[in-house]
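Colleague: Dock chains B, C and D against the given chain A, drawing on the hints supplied.
Protein chains in written order, with the numbering used here: chain A, 1 to 253; chain B, 1 to 253; chain C, 1 to 253; chain D, 1 to 253.
You may find that some hints are simply not true.
[What the hints assert, rightly or not] Selected chain B positions facing chain A (Cβ under 7 Å, derived; list incomplete):
| id | residue |
| --- | --- |
| 1 | K195 |
| 2 | S196 |
| 3 | E209 |
| 4 | G225 |
[Unchecked claim] Straight-line C-alpha distance at most 25 Å; calculated SDA-like pairs for lysine to any residue:
| id | chain 1 | residue 1 | chain 2 | residue 2 |
| --- | --- | --- | --- | --- |
| 5 | B | K138 | D | P121 |
| 6 | D | K73 | C | V238 |
| 7 | C | K138 | A | D201 |
| 8 | C | K215 | D | P121 |
| 9 | A | K134 | B | G208 |
| 10 | A | K111 | C | V238 |
| 11 | D | K215 | B | R132 |
[Said to hold, decoys possible] What follows is a list of derived Cβ distance ranges for each label pair:
| id | chain 1 | residue 1 | chain 2 | residue 2 | range |
| --- | --- | --- | --- | --- | --- |
| 12 | C | K215 | D | V67 | 29 to 35 Å |
| 13 | B | G109 | D | K138 | 50 to 56 Å |
| 14 | B | G109 | D | G136 | 42 to 48 Å |
| 15 | B | Y237 | D | I54 | 37 to 43 Å |
If you're looking for bench data, these hints aren't it; they were derived computationally from the structure.
For glycine and all other residues, C-beta sits at the position ideal for the given N, C-alpha and C.
There are 4 protein chains.
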Amino acid sequence: MEDIAPILDELVTANRILANEGVLDSFGHVSIRHPQKPDRFLLSRARAPELIQIEDIMEFTLDGRSVGQEPGKPYSERFIHGALYEARPDVGSVVHNHSPSVIPFSVTGRKMRPIMHMCAPIGSDIPNWEIRNKFGDKTNLLVTDMEMGRDFARCLGHRTVALMRGHGSTVVGRSVREVVFTSIYIEINAGLLIKSLSMGDVVYLSDGEIETIAKARAGFTFERGWESWCHRVGRPYVSREWSVGEGYSRSDG
Amino acid sequence: MEDIAPILDELVTANRILANEGVLDSFGHVSIRHPQKPDRFLLSRARAPELIQIEDIMEFTLDGRSVGQEPGKPYSERFIHGALYEARPDVGSVVHNHSPSVIPFSVTGRKMRPIMHMCAPIGSDIPNWEIRNKFGDKTNLLVTDMEMGRDFARCLGHRTVALMRGHGSTVVGRSVREVVFTSIYIEINAGLLIKSLSMGDVVYLSDGEIETIAKARAGFTFERGWESWCHRVGRPYVSREWSVGEGYSRSDG
Amino acid sequence: MEDIAPILDELVTANRILANEGVLDSFGHVSIRHPQKPDRFLLSRARAPELIQIEDIMEFTLDGRSVGQEPGKPYSERFIHGALYEARPDVGSVVHNHSPSVIPFSVTGRKMRPIMHMCAPIGSDIPNWEIRNKFGDKTNLLVTDMEMGRDFARCLGHRTVALMRGHGSTVVGRSVREVVFTSIYIEINAGLLIKSLSMGDVVYLSDGEIETIAKARAGFTFERGWESWCHRVGRPYVSREWSVGEGYSRSDG
Amino acid sequence: MEDIAPILDELVTANRILANEGVLDSFGHVSIRHPQKPDRFLLSRARAPELIQIEDIMEFTLDGRSVGQEPGKPYSERFIHGALYEARPDVGSVVHNHSPSVIPFSVTGRKMRPIMHMCAPIGSDIPNWEIRNKFGDKTNLLVTDMEMGRDFARCLGHRTVALMRGHGSTVVGRSVREVVFTSIYIEINAGLLIKSLSMGDVVYLSDGEIETIAKARAGFTFERGWESWCHRVGRPYVSREWSVGEGYSRSDG
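This is chain A alone, in the form it adopts within the complex (with noise of 0.2 Å):
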């Protein structure tokens, strides 16, 4: 069996990227799909991401349930992240965050939509997640059951990102390296939008346009970002083989 120490590695890696570039505050958290068992999930315990070690890193399964050693008390949300393994096999990474320039777009009725070519992918139907329609209004927001997270995963259905309302955002992806390319350029969007609603109307990418940058979205662009981003944060940056989009020169840039 293979080792999945790299694995281990890059999952740190992933959380000292974001928990540097904002999107993660000391309570936010990113999971990947175990390597070889798919239907487990590697999660750090319940600590701040910009201080997980290797060892930190728990194995769950699906539901919830710590399978093997236990360094510390578990993210009370690892709920978020096993209903969407669960519910969407393509789905290899989880981000859970706080994202703070995406939060104003959860509380407010105006649409998180895609301004910037960089950040496409976030898709042109983002839905807001509002807890109190199953739970009620004396929930502390927080999905910290497999009902919760199960609904929640309803609500995100076939979509790269989610809203919650007055919590945050979650983020799936196929690989580390695309959710965290996700999570960074949905925060680098909300801020631009904001700016941009303050000043009139906004164009926002077509459908058409959001399409062809999924599609053409090729593993050369996350491993550009992924490069500085590891260099910024003092991890040894990896590279994986990546497979082009359609059309090798209509990649990011």
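Modeller: Frame of chain A; chains B, C and D shown alone:
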């Protein structure tokens, strides 16, 4: 009698953290009630929070007279702290700040209210102390004697935060870690709310949500933030025993 | 033939500066016209600007074919650079960026215009390239062949800056130092203008002011900025002879 | 005659602090009146403030002629400094800046007024110098001779701060520490005010409050800020004797 050196060390760390997180400029301060003498509190001499050393910490009676060693001039606003410890036996720590996103709420009619789950403990009813009401419009806005301090304490009442018009805000908590946590997240809430207000009507946390979150907030949550904030300022992290709130899995994320 | 190593070194520095000053994210790029072969330009392989080394720099013909060593995949948008060097013999350096305060102007009807003297050289008439006009709304917004590059060059015309809708902007200049300077100050101008527009009607620089400043801008001004920006990224500052603009005392401050 | 080396050293520190605190970009400057020759002032050669060394400092007559050693080209706007020292015998130090939150007030009809106690010394009546009024709209906006400097000095009058349309602002004070303090807090006030204006009607400090604060501001306040700002730029903190304002306990916090 217990050695209070660890307590003093924690107070130094709190000063460094709040400066680094942008809550305190060179002119805010944080105090703790004396762990052995409830009618005394501990507060640095008048110095910028990012520079405070253990030797700078002074002991005061609740009416603001210094006791024992005087390493330098005291803060002229120590009466805020004294009056709050006098009025509120439940309070173990006080932060007075000029937190930059909070001040705009003190000079406009806009009410500060929590919009994000992490910020719920600031409560739904945050008063704004108007010094002019009792002391006229020829003050320098500072709380420089016990009469002013007690007037402010009445305004705060049983709450966690009160704004001070054209000046800043003051936050109270049971412990240093709690008050640091609340101070950081009120600043975050204010920043999120300013952005949200620019985009339309805002959905605030409901009273039920605020109450549920406040009840379930566990010491564990404070530890998670504290560990990462210590790391950022190069201070050692000393873990504390933490009580678990109602419902183990219902802490912050 | 002159050694071009100092030129390559300056190009590396330009990349590092623009990344550090927040003008380039991991996906922008800066090029120079080859100092000895005006029908060639020099541009890094596709890599984040903050990481670029001298070994990453490639040579291209004006239609974007790489010549000589290929340390890696080229930027797919190298055609922006080629088409501009082709159309504008006066241009010695090109920056393509996703500068965060500039993008909002590309997706709203608000015109970018200079409001601060340092920003005058961006000019009073800044076009916004809409890729849909000629290439439809199913592109990925990128300039990935010469037809697109030439269309963009026509939009830019004789000007210094053109926005690109939902994408970023491109800046040209006679030298690397000039183009770096302009790129930094257009971002600053954009940030100032967004704030100003939120407060009411804005007094822009007049055409007379813009013209006077552009004529009097001395190489000395670029040196003053360049020296400090080098310092911030830990790159050596190599002074260049600077020509003085009209009126010695009329440089920037 | 007293050694002026400590004075020069303090001027270097002031440059470094104002660059680090975001008040000066690469193109602002700070001067002091010569401590022994009131008809002279000391100002660096034209160099970015974050790089200035003691060797860069030049001596000027009040009409802007350099005296003695010339380590390099002088700032073309040295006439701002000269004209203010000429017109205002009470002024011991001058900062000219492009402070980013202040500029928007210079290009819109919005008046800058203090909303926070720390910012009171900027005064309730802050003029905005419009260079077009006397010099037409074909200038480069810079103050490049004594006629312009004197016109600006008349606009400033007896006040502490004047804005300069499309350009920046200039701040005067009795000492370097005072002028640095005021420059930092006018930038803070501007940022707070822009946010506040986006939320509704604003309660400004009253004239009585401004007067009370300005009278009671003690040198001790400047020391508290100065010590922390020195620390941030790695410069030694040299304490100065500080006079106490009216009412010992009424300094800043």
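Colleague: Hint by hint, note whether the structure agrees.
Modeller: Comparing the hints with the structure gives:
1. K195: Holds, about 4 Å.
2. S196: holds, 4 Å
3. E209: For E209/B, the interface hint holds, since the closest Cβ of chain A sits about 6 Å away, which is under 7 Å.
4. G225: holds, 5 Å
5. K138/B <-> P121/D: Given pair K138/B, P121/D holds - Cα atoms ~14 Å apart, limit 25 Å.
6. K73/D <-> V238/C: Since the Cα atoms of K73/D and V238/C sit roughly 17 Å apart, the hinted pair holds (cutoff 25 Å).
7. K138/C <-> D201/A: holds, 22 Å
8. K215/C <-> P121/D: violated, 39 Å
9. K134/A <-> G208/B: Holds, at roughly 15 Å.
10. K111/A <-> V238/C: The given pair, whose Cα atoms are some 49 Å apart, is violated under the 25 Å limit.
11. K215/D <-> R132/B: Holds - the C-alpha atoms of R132/B and K215/D are around 18 Å apart, at most 25 Å.
12. K215/C <-> V67/D: 29 to 35 Å: holds, 31 Å
13. G109/B <-> K138/D: 50 to 56 Å: Check failed, 45 Å falls outside 50 to 56 Å.
14. G109/B <-> G136/D: 42 to 48 Å: Holds, at about 43 Å.
15. Y237/B <-> I54/D: 37 to 43 Å: With Cβ atoms ~41 Å apart, the hint holds.
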